[in-house]
Amino acid sequence: AQSVTQPDIHITVSEGASLELRCNYSYGATPYLFWYVQSPGQGLQLLLKYFSGDTLVQGIKGFEAEFKRSQSSFNLRKPSVHWSDAAEYFCAVGPTGFQKLVFGTGTRLLVSP
Amino acid sequence: NAGVTQTPKFRILKIGQSMTLQCAQDMNHNYMYWYRQDPGMGLKLIYYSVGAGITDKGEVPNGYNVSRSTTEDFPLRLELAAPSQTSVYFCASSYSGLNTEAFFGQGTRLTVV
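Protein chains in written order, with the working numbering: chain A, -4 to 108; chain B, 2 to 114.
Just so you know, these hints were derived from the structure itself, not from any lab. Since the structure is predicted, the reported quantities are computational estimates derived from the model, not experimental observations. Built from N, CA and C at the ideal position, the CB exists for glycine as well.
Within a straight-line C-alpha distance of at most 20 Å, the following computed PhoX-like cross-link-like pairs (lysine-lysine) qualify:
1. A:Lys95 with A:Lys44
2. A:Lys95 with B:Lys58
3. A:Lys95 with B:Lys45
4. A:Lys63 with A:Lys44
5. B:Lys45 with B:Lys10
6. B:Lys58 with B:Lys45
If we take Cβ atoms under 10 Å as the criterion, some of the chain A residues that face chain B in the derived model are:
7. Val(-1)
8. Gln1
9. Phe29
10. Tyr31
11. Gln37
12. Leu39
13. Leu41
14. Lys44
15. Ala87
16. Lys95
17. Leu96
18. Val97
19. Thr100
Could you put together the complete structure from these sequences and hints?
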């Protein structure tokens, strides 16, 4: 069965510093991978997705993620964090052919001044 | 554009009561989904629909029912509320299957006491 692990429950980053959020998955075939962001009191918004091709994908708000098949990882990165990036971030993996996403448990990002 | 609209935003139910969580989308999306989000657990799929008149169970369907009489609406019914159903519920929609983005509503926070 597919699964997603986000090992960090909370991360605190200083404003302007770089960010990397970890995501590891278990899946028997080529996965479809997603990162979603949830701001307080809001629904989830898609940051970026990987289906195939270039393993470095660019998303909205200056985020990027790199798919590493050998490590079963899809880590999210941002070179310089802004206070408005404080939110909860979810990694998700889906099967080909139909959208039944399996979500990780989320990483809450705190941004310090 | 309204996107995905969920009502109500908050609700407190007594054990054994019933209620319907409403979800409507105005994007003419074929696919709609209901998720629940529990602290530290990520999102779990309750039910989904691939079009009007077609619904299917997700990972955690027990205690819930759905219907999809129109493309726009996908209500979630709780017949006999239990404390285990205390959660935040998210409705989402997408135009088709996995290759398209899912749009989420702002959520309904339900407490069963």
